[in-house]
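Asks: Going by this note's numbering, the first residue of the sequence shown is number 278, and it counts up by one from there.
No lab work stands behind these hints, which were simulated from the structure alone. Take these hints with a grain of salt, some might be off.
[Unchecked claim] Label-pair restraints from in silico Cβ distances:
| id | residue 1 | residue 2 | range |
| --- | --- | --- | --- |
| 1 | Q329 | R300 | 32 to 42 Å |
| 2 | R300 | T335 | 34 to 44 Å |
| 3 | N376 | L327 | 51 to 61 Å |
| 4 | C331 | G414 | 42 to 52 Å |
| 5 | Q310 | L352 | 33 to 43 Å |
For clarity, every value in this text was computed on a predicted model and none was experimentally measured. Positions of the beta carbon are idealized from the N, C-alpha and C atoms, including for glycine.
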Amino acid sequence: EIPEKVSRSMRIDTEQARLQFARQELSLLEREQSKLTVRAQGQGRLGLFLKQVCERVTAQESLAQLFDEERPFLLVQIPSDRVADFTPGTELELVFPGNRIGWGRVGEIPPQTSQATGSNGALGTTLVDVHVIPMGGLWPELPFGSQVVVRRPR
């Protein structure tokens with residue numbers, strides 16, 4: 278009888294009920310947390326955040342851009358009137374920062390173009406994005422957005 282009196286005076290039964298309630302609430306929150314976790318569809322290095330904290334998103338909208346380190350490529354913007362000089366398979370000499378030389382091959386040319394604007398804001402040259410894939414030795418690891426000189430051997 279003494280242990281019961283001590284237990285009641287210490288309110289152990291109330292605290293045990295609170296503990297049980299807290300465990301149930303934690304279990305519910307853990308399940309909710311797993312619903313809020315966003316998983317990438319592929320592997321790669323995080324390149325660009327496309328959305329900011331607290332910004333609204335819709336279902337299936339991209340939150341970030343991943344760069345595939347296993348299949349690197351350069352995105353070369355060329356004037357649309359020079360697209361015939363860069364047909365798929367064309368070999369290119371690449372000069373990376375630090376004057377490191379590498380080689381690449383034109384992989385694909387997407388069908389869309391983009392407009393370049395001049396310094397005064399007027400529309401300028403129409404550009405085509407050309408994908409250049411590695412050829413020969415490994416390319417150096419560079420920050421995304423680095424500028425590379427592209428030369429077409431004669």
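Asks: Report the numbers of all earlier hints that the structure fails to satisfy, in ascending order.
Replies: 3
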